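So the sequence lines, in the order shown, correspond to chains S and P.
Using this note's numbering, the first residue of the first sequence is number 1, and each one after it goes up by one.
Using this note's numbering, the first residue of the second sequence is number 1001, and each one after it goes up by one.
Treat the hints with caution; some may be incorrect.
Said to hold, decoys possible - Far from chain S, by Cβ distances over 12 Å, these chain P residues were calculated:
#	residue
1	Ser1005
2	Arg1058
3	Phe1110
4	Asp1115
5	Asp1148
6	Glu1164
7	Gly1233
8	Pro1279
9	His1296
10	Arg1301
11	Val1372
12	Glu1393
Stated by the list, open to error - Dumping the calculated DSS-like pairs for lysine-lysine here, alpha-carbon to alpha-carbon at most 25 Å:
#	chain 1	residue 1	chain 2	residue 2
13	P	Lys1242	P	Lys1258
14	S	Lys36	P	Lys1404
15	S	Lys39	S	Lys68
16	P	Lys1240	P	Lys1138
17	S	Lys65	S	Lys49
18	S	Lys39	P	Lys1404
19	S	Lys36	P	Lys1401
20	S	Lys35	P	Lys1401
21	P	Lys1404	S	Lys35
These aren't lab readings, by the way, just hints derived from the structure by calculation.
From a predicted model like this one, the values you see are computed outputs, not experimental measurements.
Virtual Cβ for every residue (Gly too), placed ideally from N, Cα, C.
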Amino acid sequence: MRKEGMQEATQEIIKEFALFEDWEGRYEYLIEFGKKLPKIPDELRTEDKLIRGCQSQVWLYAYKKEGKIFFQADSDAIIPRGIVALMLRIYSGRFPDQIIHSDPVFLSEIGFNSFLSSARANGIEAMFRKIKQYALALKFFHESIKK
Amino acid sequence: MLSPSEILEIRANFPILCQEVYQKPWIYLDNAATTQKPSAVINAIDEYYLTINANVHRGVHYISNLATEAMEQSREHLRQFINASNVQEIIFTKGTTESINLISVIISDFINEGDEIILSELEHHSNIVPWQMLCQRKKARLRIIPIDRNACLNLECLDTLLNERTRLVAVNHVSNALGVINPVRKIIKKAHEQGAWVLIDGAQAISHSQIDVRELGVDFYAFSAHKMYGPTGVGALYGKRKLLERFPPWQGGGEMIKEVSFEKTLYAELPFKLEAGTPNIAGIIAWEQAFSFLEHIGMERIKIYETYLLDEANRSLQEIPNLLLYANRALRSAVTSFNLSCAHPFDVGSILDRMGIAVRTGHHCAQPLMRVLNAPGTVRASFAVYNTLEEVEKLCDAVGKASKMLIS
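Take the sequences, apply the hints, and build the full model.
Right, here's the structure in full:
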């Protein structure tokens, strides 16, 4: 059970990144998140979990437990891994409706807005869309069926 | 060689280069994707719309004639620039991709089931997919020249691939992903001995060395304006007249006809037969300024200077631990392609971008080549005549820094 809500988690991330004065520090911190994110098993790296970018690949997997949605993610590049790790901090362990009604606001505030506009690159938009798709799909999904 | 002060003079023609990104001087090293445009080209676009905008080849009126003359003057200048025999051999297109597609369509009637088209592992998707489509339509077959360990085309394999079923060999002059200069003279000679046509994708060669289509003896040569300091959305196809005359038009419309009735249409002569519809008049006229720009500096001097930048870049990059330089032993032109081991090219490119350095990362629209290299992509820095040695040094420092950030 997570104590803080999505807003608090977002603010927490923004605060952490605000501690760095320069971009190098923020990038290194992001890279650290990327390195710490656990790799997902090879059997989960399947086509249906792939968010295909022109540049690098991101895999996103979700399951439902006690009414909440939990995500696992991975990428072949470290910066997208860092970004998706931050997104998981915000979105994993939430109720579907919380996710469905949210916006990806934090990235511009921590100085990574250049990723938001890189349309053909590994778009945050695409990651965010996939997260919402999972939330919509799993909203009415009965956990008992899955097993 | 061009001196630093001469380079600064050249740079003065490119206002876009004097800007900052992330409060750092912008260093543009993505010239293989598109070059920046000199003021003369930009002004020519303005000038066209401000003074002589009218449709070409059909107006009786004064301004239409001026526009037509300016467009045909650009064609004549381009003919001289690549030393074609005749302006009828210069077909204006949207760019290299359209030039290649044009040929892949108009030669259809000459391709039969079981015929073969030879490409190489170094090709850009735009010199693969049109031929795949043609082969599917005609039940013909693609054959591929492999690269050797230096990423050079294996010409011995070409000898075994060429046979009486070979109709066409289509290869690039310079590889967009690695910068490798292909031995096109030898390829053309071998293909012609077998009676096959040759199309050269010259997109990455045209702004880096003197291209003489007659000396090459090439049948078709395709290139884009925007990779040679000209506007986007314009390009050309050079084709030997005696060949282009044999082929039917590929698109129907205005400009390409002599006479139309509902029963029958008589087609216009070359080059108009292959130029249906109103062309990119402003772009074609402005492109001429790019020929003048290049001629004014001199292609040989450009080649020497860019080779110098490339050699300096490669020398410094090789000093960075964990850096893998592709095609390092191959003869290359203005492009260096590399990876940091244990780092994805996207990560390297993102960090370089944050330092104000624009490079290209990814598969460079050459996915078959990336599979051969067993790489998810590469980081590609590509140079133009306005790049300075200082910019090259900053690139190498930045790659070193990225390496520390990513691999530590």
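A quick look at each hint next to the structure:
no.: 1; hint: Ser1005; in the structure: holds (34 Å)
no.: 2; hint: Arg1058; in the structure: holds (39 Å)
no.: 3; hint: Phe1110; in the structure: holds (36 Å)
no.: 4; hint: Asp1115; in the structure: holds (34 Å)
no.: 5; hint: Asp1148; in the structure: holds (28 Å)
no.: 6; hint: Glu1164; in the structure: holds (41 Å)
no.: 7; hint: Gly1233; in the structure: holds (19 Å)
no.: 8; hint: Pro1279; in the structure: holds (28 Å)
no.: 9; hint: His1296; in the structure: holds (35 Å)
no.: 10; hint: Arg1301; in the structure: holds (35 Å)
no.: 11; hint: Val1372; in the structure: holds (18 Å)
no.: 12; hint: Glu1393; in the structure: holds (19 Å)
no.: 13; hint: P/Lys1242 with P/Lys1258; in the structure: holds (20 Å)
no.: 14; hint: S/Lys36 with P/Lys1404; in the structure: holds (18 Å)
no.: 15; hint: S/Lys39 with S/Lys68; in the structure: holds (22 Å)
no.: 16; hint: P/Lys1240 with P/Lys1138; in the structure: holds (24 Å)
no.: 17; hint: S/Lys65 with S/Lys49; in the structure: holds (19 Å)
no.: 18; hint: S/Lys39 with P/Lys1404; in the structure: holds (22 Å)
no.: 19; hint: S/Lys36 with P/Lys1401; in the structure: holds (21 Å)
no.: 20; hint: S/Lys35 with P/Lys1401; in the structure: holds (18 Å)
no.: 21; hint: P/Lys1404 with S/Lys35; in the structure: holds (14 Å)
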